[in-house]
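Number of protein chains: 2
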Amino acid sequence: MKPTIPQGTRDFGPAEVRRRQYILASIKKVFEIYGFQPIETPSMEQLETLMGKYGEEGDRLIFKILNNGLNDPKNQEKARKGFEQVLEGKNSTLLTERALRYDLTIPFARFVAMNQHQLSFPFKRYQMQPVWRADRPQRGRYREFWQCDADVVGSTALLHEAELICIYQQAFAQLQLPEITIKINNRKILTGLAECCEASERLMDITVAIDKLDKIGWEKVAAELANKGLQKNQIDFIQTYLGFEGQNESKLQQMEQLLAKSETAQTGIAELRSILNYHQQLNSTSAESRVEVDFTLARGLNYYTGFITEVSTTAVKMGSIGGGGRYDDLTGLFGLKNMSGVGISFGIDRIYDVLEELNLFPSSLKSSTKILLVNIEPLAEQQLYRYLNRLRAEGIAAEFYADAAKFDKQMKYADKRNIPYVGIMGSEELNEQLINVKNMESGTQQKMSLEEVIALLGNA
Amino acid sequence: MKPTIPQGTRDFGPAEVRRRQYILASIKKVFEIYGFQPIETPSMEQLETLMGKYGEEGDRLIFKILNNGLNDPKNQEKARKGFEQVLEGKNSTLLTERALRYDLTIPFARFVAMNQHQLSFPFKRYQMQPVWRADRPQRGRYREFWQCDADVVGSTALLHEAELICIYQQAFAQLQLPEITIKINNRKILTGLAECCEASERLMDITVAIDKLDKIGWEKVAAELANKGLQKNQIDFIQTYLGFEGQNESKLQQMEQLLAKSETAQTGIAELRSILNYHQQLNSTSAESRVEVDFTLARGLNYYTGFITEVSTTAVKMGSIGGGGRYDDLTGLFGLKNMSGVGISFGIDRIYDVLEELNLFPSSLKSSTKILLVNIEPLAEQQLYRYLNRLRAEGIAAEFYADAAKFDKQMKYADKRNIPYVGIMGSEELNEQLINVKNMESGTQQKMSLEEVIALLGNA
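Order-wise, the sequence lines are chains R and L.
Following the working numbering, the numbering of the first sequence begins with 727 at its first residue and continues without gaps.
Following the working numbering, the numbering of the second sequence begins with 727 at its first residue and continues without gaps.
A hint or two may mislead.
One copy or two, it doesn't matter: identical chains are merged, so the pair holds either way.
Unchecked claim - Straight-line C-alpha distance at most 25 Å; calculated BS3-like pairs for lysine-lysine:
#1 816 with 728
#2 1063 with 1142
#3 1063 with 1135
#4 954 with 755
#5 1063 with 1132
#6 1138 with 1092
#7 755 with 1092
#8 804 with 816
#9 941 with 977
#10 1063 with 1138
#11 1063 with 728
#12 938 with 977
Honestly, the hints are just simulated from the structure, not real lab data.
Construct the complete structure from the given sequences, taking the supplied hints into account.
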């Protein structure tokens, strides 16, 4: 049997796991410095928790788990009924009552509603877990992938928005990711735009069309708007809206005038100004990342109601590597009303690709083992064990090649494993109480005492 | 809608996540010091990769994923056929072609077979991931739980067994888990026992019966053996086998005599002696853990062929917290022959329970946030932001209470969150350029400069 893995899933070898863990650990550190706390939810949720939360397309892409024991005679009749319901496109707990997590937001909302009496609000949580989607696999799109979210729920204070922007900046600075732009906007301004061109009932169409501006350009956006029934004067107004340039404050002032008639828009503009003001006071990073008001930012079909944000780097060709926003009623779906939330998400897979393309992963991630002690002189074995014990006791990852293989094979092993140093002890070194340490990158060799080896590798 | 989670699954709040991460990080550190490398495999495997690998019971307990798009007219006929097959108790890729990981060993074997040309052998890997089993949930048994394994594949050297014992000792020492006993045995000795009492064809029955000795006692084991058709003299011989006491070397010598006729047993005894010898040279921990030859150790239905081990603590009433062994042909199932492997597993859920019962989790895990700056004096806000920035820049996790809530509410928040210090800045402190720092545990308060706060919390 020639084994394979399911389409759209991936095995991660040692180098990949270390690199992913480096990304997650870097972000986690920043989350914690800002007072966010980790939670984890089960991979499976009740099917009814997930269904209907991600639109029709989402419902189709949720992985459902077959109930167990269907072939048990006492279950067969029900199972058959459930199967017929599924064929009709309905859900049936008779066939499947559980499903795999589709994102981290709905499980988080469910968690908050279920644990509301144990939690202290505002509740600032982060969560780093895989999610599953039955999407058609393609380059950069997987059926199992990690999400990495931070959200604050139970506070409307705009300081949180500013802190989340700082978290983006600090995390990307930590990862040394260059040329970061953090775009910010406010859904209230988009609402105001729809109001001002007298197309409030077309708000979602306008939002969805604007969201495509980057990808398809203005001509096609205009065509789509016309297609949705907007008149030329309305489309012209939207074009003016999308055309503002300049510094953040200048843009905000232009928008204040353009959308003077909409109270909602004025609130949105005031919120952005307030967020920028908080941000200025809180941002202590020397990162080169820019925070840019961008009225063309729309965030598509998402359920945001206030602040929205999206992060990208211009250093490589790549879509957004993060995004988020505020939603007024996150937990209402699960019976807990009046809980405003604001959150951001990191696109781990894309961040991985960017770091790799720019060669920004620390070289120390290539191997955790610092030295391989080769096994060529049986008389030296006991001495090598003593060295091994001491190195490990000092916290230095060290290996001994246990099989009595040829020297070349052992060296090849060290090389393939990216182990930076090899320690060789023949009869000569044994007599001298030294070990011959080869630097695998430079190829140089040097006889050293155990203490010298510890000094060398303890700092490596 | 009142939300719930699937039976047998768990949400983990911040304290639980931190404690679990503490356990995993402690073990991971030891794995790496011994040269083990991380891999991760997908949560889903092809159904055929898993089926038939865990016995009939296992096959029933595997969670299967429903294929997507069953209600699409062009899939319905096939789906119906697949459903009928499933009702007959067969697998059908027409209805379900994927399943959730049931353990980490089979996916590891599949990984090695698939990636054999990229890997360097011996391949020493560790893996910490959740697995899923449709077992009936009960106290301490979940449908989603973490496994944590380390295995070496591609070497028959017994040094690996000794290193794995050292890993157990060092990891449990790291976690400060007291009264650890590491029992070791060898399946070859059990094979020899079956040979010597002329019941080789009953080897599995004998192994399974002996495995129950701890739980049901000798009388019932003897009854089970009789039930399986063993004669009184055979059962007496097994009783003698199980009765040896004393130091490890003394036990080994007694066994050498009892099973003198079996070459297989002699090989098993020699292997144990060799492992103990390596272990003596490699063990550098001052841990109190004992390594004990225990011929009653059997490891039930598992597919081990040589060394076997099991770890427990006598400090609390709890089953084994780890176990493992050597298997001659791990990857043969997937077409890669002659790959001997040896591995161990940590029982994360039980280790968690033991640490909790013994109150051994470091108190620093209660909160990552070190200080909450309360928000009571609007004039102090800007100054507090400066403090906040500086603390965070020093890597000290700090929060500002963003909403203008009552003082009591803010203090309650800090208390409930287990934040150890609260910083208060009223108009007086603002004038003095100081901050009033309250130790939440002792209740004492002290005015400090920012530098003093950093000195206090940087070491906390």
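Checked hints:
For a Cα distance limit of 25 Å, the shortest separation of residue 816 from residue 728 across copies, 21 Å, qualifies, whereas the shortest one inside one copy, 36 Å, does not. For the identical chains of this complex, residue 1063 and residue 1142 are inter-copy neighbours only, at 22 Å across copies versus 57 Å inside a copy, given an alpha-carbon limit of 25 Å. With identical chains, the CA atoms of residue 1063 and residue 1135 are at most 25 Å apart between copies only, with a shortest distance of 20 Å across copies and 66 Å within one. In this assembly of identical chains, residue 954 and residue 755 lie within 25 Å of each other by CA distance neither inside one copy nor across copies; the values are 46 Å within and 59 Å between.
Taking the closest pair of Cα atoms, residue 1063 and residue 1132 come within 25 Å of each other only across two copies (22 Å); inside a single copy the shortest separation is 70 Å, beyond that limit. With identical chains, the CA atoms of residue 1138 and residue 1092 are at most 25 Å apart within one copy only, with a shortest distance of 16 Å there and 46 Å across copies. For the identical chains of this complex, residue 755 and residue 1092 are neighbours both inside a copy (21 Å) and across copies (16 Å), given an alpha-carbon limit of 25 Å. With identical chains, the CA atoms of residue 804 and residue 816 are at most 25 Å apart both within one copy (15 Å) and between copies (18 Å).
Taking identical chains as interchangeable, the C-alpha atoms of residue 941 and residue 977 lie at most 25 Å apart only when both belong to the same chain, with a minimum of 23 Å there against 75 Å between chains. Within a single copy, residue 1063 and residue 1138 get their C-alpha atoms only as close as 62 Å, which misses the 25 Å cut-off; across copies the closest is 22 Å, which meets it. Taking the shortest alpha-carbon separations for residue 1063 and residue 728, only the inter-copy value of 13 Å comes in at or below 25 Å, while the best intra-copy value is 53 Å. In this assembly of identical chains, residue 938 and residue 977 lie within 25 Å of each other by CA distance solely inside one copy; the values are 21 Å within and 76 Å between copies.
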